[in-house]
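Chains A and B supply the protein sequences, listed in that same order. The numbers in the first sequence follow my numbering, run straight up by one, and end at 529. The numbers in the second sequence follow my numbering, run straight up by one, and end at 672.
Careful, some of the hints might be misleading.
[As the list claims (entries may be wrong)] Distance condition first, Cα-Cα at most 25 Å in a straight line; then the derived PhoX-like pairs of lysine-lysine:
hint, chain 1, residue 1, chain 2, residue 2
1, A, K36, B, K547
2, B, K571, A, K107
3, A, K493, A, K219
4, A, K101, B, K571
[Said to hold, decoys possible] Some chain A residues well away from chain B (every beta-carbon gap over 10 Å; in silico):
hint, residue
5, E15
6, Q102
7, K144
8, T217
9, T395
10, P474
11, G490
12, Q491
These aren't lab readings, by the way, just hints derived from the structure by calculation. Virtual Cβ for every residue (Gly too), placed ideally from N, Cα, C.
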Amino acid sequence: MSEESKNNTENKRREFLKGLATVPVFGFFLVNLWSKIRRDALKRKNLLTDLVQEKSPPAIISGLSSSKHLNIGIIGYGGRGSHLVRSAGFATKGWTDWAYKQSKENKLHKAYATFMSQEDLNCSLVGVCDLFDINAELAIDASKNDVRPGGKPKSSAIRYRHYTEMLARDDIDAVIVATPDHWHSRITIDAAKAGKHVYCEKGLTRTFQEAVDVYDTMKETGMILQLGHQNRQVEANDKAKQIIDQGLLGPVNLVELTTNRNSPWGAWVWTIHEKANRKTLDWDTFQEPSPNKIPFGEEALKRFFRWRCWYDYGTGLSGDLFSHDYDALNQIMGMGIPKYASSSGGIYFYKDGRDVPDVWHVTLEYPDMDMTVLYSATLSSNNSRGNRIMGHDATMVLGGQSNAGSVGGFRVIADRESTKYREKIEQGIINTKYPIYNYSPGSKQIDGVTSATSQYFANKGLLYSYRDGKRVDPSHLHVKDWLDAIRSGGQPKCNSEVAFEEAVTCAMATESYLTGRRVEWDPINRRLI
Amino acid sequence: MILRVLIGWHILYEGVSKLINPYWSSAAYLLDSKWIFSGLAKTIVSNPTLLTISDYANMWGLTIVGLCLLLGLFSRYAALGGMVFISLYYLFAPPFLGLEYARPGEGSYIIVNKNLIEVLALYVLYQFPTSHLVGLDRFLTKH
Chain A
1 MSEESKNNTE NKRREFLKGL ATVPVFGFFL VNLWSKIRRD ALKRKNLLTD
51 LVQEKSPPAI ISGLSSSKHL NIGIIGYGGR GSHLVRSAGF ATKGWTDWAY
101 KQSKENKLHK AYATFMSQED LNCSLVGVCD LFDINAELAI DASKNDVRPG
151 GKPKSSAIRY RHYTEMLARD DIDAVIVATP DHWHSRITID AAKAGKHVYC
201 EKGLTRTFQE AVDVYDTMKE TGMILQLGHQ NRQVEANDKA KQIIDQGLLG
251 PVNLVELTTN RNSPWGAWVW TIHEKANRKT LDWDTFQEPS PNKIPFGEEA
301 LKRFFRWRCW YDYGTGLSGD LFSHDYDALN QIMGMGIPKY ASSSGGIYFY
351 KDGRDVPDVW HVTLEYPDMD MTVLYSATLS SNNSRGNRIM GHDATMVLGG
401 QSNAGSVGGF RVIADRESTK YREKIEQGII NTKYPIYNYS PGSKQIDGVT
451 SATSQYFANK GLLYSYRDGK RVDPSHLHVK DWLDAIRSGG QPKCNSEVAF
501 EEAVTCAMAT ESYLTGRRVE WDPINRRLI
Chain B
530 MILRVLIGWH ILYEGVSKLI NPYWSSAAYL LDSKWIFSGL AKTIVSNPTL
580 LTISDYANMW GLTIVGLCLL LGLFSRYAAL GGMVFISLYY LFAPPFLGLE
630 YARPGEGSYI IVNKNLIEVL ALYVLYQFPT SHLVGLDRFL TKH
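Make the full structure from the sequences, and use the hints.
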């Protein structure tokens, strides 16, 4: 071989090597990537992620709505009533215009899109009963509005002055009761006796005896009751149940439920409508079932619009917010009615003439389950504490920080003194500083191994709740669940059994506060001691 | 050459880590966008199709750019591509005074952050390519 060709070969070889010089770096990259993937896989395997395989939330069962057209009536078209009617598919023109405008101004404002993509529940709003003329007119307007899922409504609503006139109508299948609490039991019982199914807002009743009467009537008549705890439709609670049922938290001896609000609205200081007066509002009928009566005047107007502030019409925090947290926990743990309840609190911030406490706490004892449930509420601090189910091996934290409740997802964190996870903690597979399971609905973050950033977003509950890729309102699912049960003859998720447990527990807590003593439940004789 | 390999490594792993994480989405980042592109970011998040496109563009774009820089293949185009991606990350969430982010940052910045520096480093790589000396581009260029 000549010197020249030798050089040539050498050059070619060198050129070839220079061309591929960084390929070994890529090889090194792949080796590192592979070991990282394996490490993460091992970590995940040892966390709870595998236990909750189902990545998509339960699908909406459709098809039932087409089977039978239902006529419904609304009794009490206030703030909550109008939301429920919208959940059934009927919004006022004012609302659809507002929501449409919002969606044009802010692309992330999804109220309009969410409403329009609701399933058409194949029902008509045919009857309206509200003691305030303005609200009644709004409900009629909603029943006629053809901006709705499913197109033009089949018929429009007629107003009734008294709910008994509406119940006398044969072609009404079911009624939504969203009046103040002091009317719940009487209307629910009369409706069931008149052969109507009932969706009743929470808290179910104002007193213990009313709870017993409602339960017995539902059993006798066979009518279907859905209590308005839409949390029953939130899939985070079902996931939480799955984890607890598998004993992954270990023995749970203490649960802490909390409410934190800090605004006049959150403390029920609601707007007194400017058009409310003796002519437009039926005060006498409003106060008919309440223990104490007052004449119409400024005080009456306050009580009409801010009724949650008085025991004459509701039970304050008990029926409003405690009932939600209790029912969500009952959904997750199925603990039912406690053996004992005691409560305390006071009117410490809103000294505006109300007689219900604005700081209030309840202790529920479940000796058979070796468990205490604590509830603590304040209406004058937003320091959102979240709800904690505290087990010997791990704690589940629902909501908190985000103030989104269980809708915002939950985290499970192992306890550093855990018996079950001791070995894994010692091996460094489980780090008690980070969640071993993290559930944030709507985001793709169903992931046990999470960074500080994804943690943050999980807690904020920033992303929406989706089903089948669509954002849905749990209240819509709850109304749908009720109508589906009516059509299929089944039982809805918040049926009279669990409604009774909610009502009795709330009544025990209220009674304890009002009497200043511990209240005991006697399940044999169905009475409070 | 070392600079190119290091930046390539970084961008490649940014891309690959998103590819192998089935739960990754650009939505959380976009929702937190501030300044001139925040409107566009909201438009992308609110539209599932655009969001999917954004997710795929990031996952595969970063992976391809990173791989090209690392191996020295079409590395001037890769440097340009990398500049586009990282400039966008800078512009969608610039560390200006008065803009507050929900995302916890991993360092402390005013106006200048690591993204800005990486963009300029890529510009240097664009101006002074090294892949015709060391890299696969050597096979594509004639001497």
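Okay, the hints, checked on the actual structure:
Among the hinted pairs, K36/A with K547/B is consistent with the structure: their alpha-carbon atoms are about 13 Å apart, no more than 25 Å. A hinted pair counts as satisfied when its Cα atoms are at most 25 Å apart, and K571/B with K107/A qualifies at roughly 7 Å. A distance of roughly 16 Å separates the Cα atoms of K493/A and K219/A; the hinted pair therefore holds under the 25 Å criterion. With a CA separation close to 17 Å, the supplied pair K101/A and K571/B stays within the 25 Å bound.
The Cβ of E15/A does not lie farther than 10 Å from every Cβ of chain B; its closest approach is about 6 Å, which violates its non-interface assignment. Annotated as non-interface, Q102/A keeps its C-beta farther than 10 Å from every C-beta of chain B; the closest such distance is 13 Å. The Cβ of K144/A sits about 30 Å from the closest Cβ of chain B, beyond the 10 Å cut-off, so the non-interface label holds. Every C-beta of chain B lies more than 10 Å from that of T217/A, the closest at about 47 Å, which supports listing it as non-interface.
No Cβ of chain B approaches the Cβ of T395/A within 10 Å, the least distance being about 23 Å, so the stated non-interface status holds. Non-interface status of P474/A relative to chain B is upheld: no Cβ of that chain comes within 10 Å, the nearest being about 21 Å off. No Cβ of chain B approaches the Cβ of G490/A within 10 Å, the least distance being about 33 Å, so the stated non-interface status holds. Interface exclusion of Q491/A from chain B stands, the closest Cβ pair being 35 Å apart, more than 10 Å.
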